[in-house]
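Asks: So the chains spell out like this:
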Amino acid sequence: MIDKKIVDIIESAGIDVVLSLPCNMLSGIMEEIDARGIKHVSVCREEEGIGIAAGVVLAGKRPMILMQNSGLGNCVNALMSLTTLYEMPLLIMMSHRGGEGEQISAQKPMGEAAPLVLDAMKIDHISIGEINELDGLKTDIDYAFDNNEILAIFLKRDLWHETN
Amino acid sequence: MKRIDIIKEVSKCEGLIVCNIGFPSRELYYISDRSENFYMLGSMGLASSIGLGLAMSQEERVYVIDGDGSILMNLGTLATIANNKADNLCLVIIDNKSYGSTGNQKTYTVGSTDLEAIARGAGNSDVVRVKNNNELSSALSRFINKSVVIIVEAEPGNENVPIIDLEPVKIKNRFMRRQVQ
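Protein chains in written order, with my numbering: chain A, 3 to 166; chain B, 45 to 225.
Bear in mind the hints are in silico, worked out from the structure with no lab data behind them. Quantities reported herein were computed from a predicted structural model and do not represent experimental measurements. For each residue, glycine too, the CB sits at the ideal point set by N, CA and C. Keep in mind that the hints are not guaranteed to be accurate.
[What the hints assert, rightly or not] When the alpha-carbon atoms are kept at most 30 Å apart in a straight line, the in silico DSSO-like pairs for lysine-lysine are as follows:
id	chain 1	residue 1	chain 2	residue 2
1	A	41	B	129
2	B	129	A	6
3	B	129	A	63
4	A	124	A	110
[Unchecked claim] Covered by chain A, according to a simulated footprint, are these stretches of chain B (three or more residues, beta-carbon under 8 Å):
id	stretch
5	76–86
6	114–125
7	147–153
Okay, chain A solo, but in the shape it has when bound:
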């Protein structure tokens, strides 16, 4: 249900290509993306995804990347010296790991640091923990693409628990 709702937003925002890295929390979203036949390319590393996204933008299309927040650390330079430098738009959707209920201790340090890293890069970010917070997201995504900006969205674990 929550996965369908998120993919509804992705579809209505006119996303042409979804780049992704694996994540347990995001697997339902990816299945839904494939079920609807939205172009979906899995990449080997987040930085590569930022490069492919730039190529998609150069063709006049709208890309997004789905990843864990830990992957943010793997693509900081590309987001700055490619996406930001050329003023290219991009939607980043991240599972926000490391919070309450996280079983993997390695997720905690980057989970805490990720929003601060985005602040340092002056990238707008929104954190979604409840289903009603998804309302209005399409407007935020449209704004980012219309203004050649990066928008990062954190999806919290609670979002799935709420509907289960």
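Since the structure of chain A is provided, determine the placement of chain B on it from the hints.
Replies: Chain B only, in chain A's frame:
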């Protein structure tokens, strides 16, 4: 071959060019500046990825001018290219066995590393290694409708060419405008 001669040969082809950061972009800018050129000014390693994204999102042929040092920084993309075949993508890896733009430090292709084997092992079926202008020009035309990786053996060294005096956003905007027209 000298890198600038390789770039000259690729720039004769009809299509879009994504060019690697540093001297390769400066040399292309010097030889033939046109709005179909996307000059990378940062994000070393991502030329091949940008080229793939561009090739899969529109129909014109895309030439990526990459280097051995850059491709070694982003080997995963060779697998992504192999498994998401874009028949309009031509990846030219200029292998001069050195990091040319930072002072010609050696890369591992001077040792035992074989980029042709890596590209094939990543799953790319059309991979060729060329040594001179004739071989390069024939490879460029032979694979015109296919996804291909061309590895060109080159001498180390940079041409004495000026820096690119274009704003990054200008490089992007004029490249994108020509797509819309």
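Asks: Any hints from earlier that this structure breaks? Give me their numbers in increasing order, please.
Replies: 7
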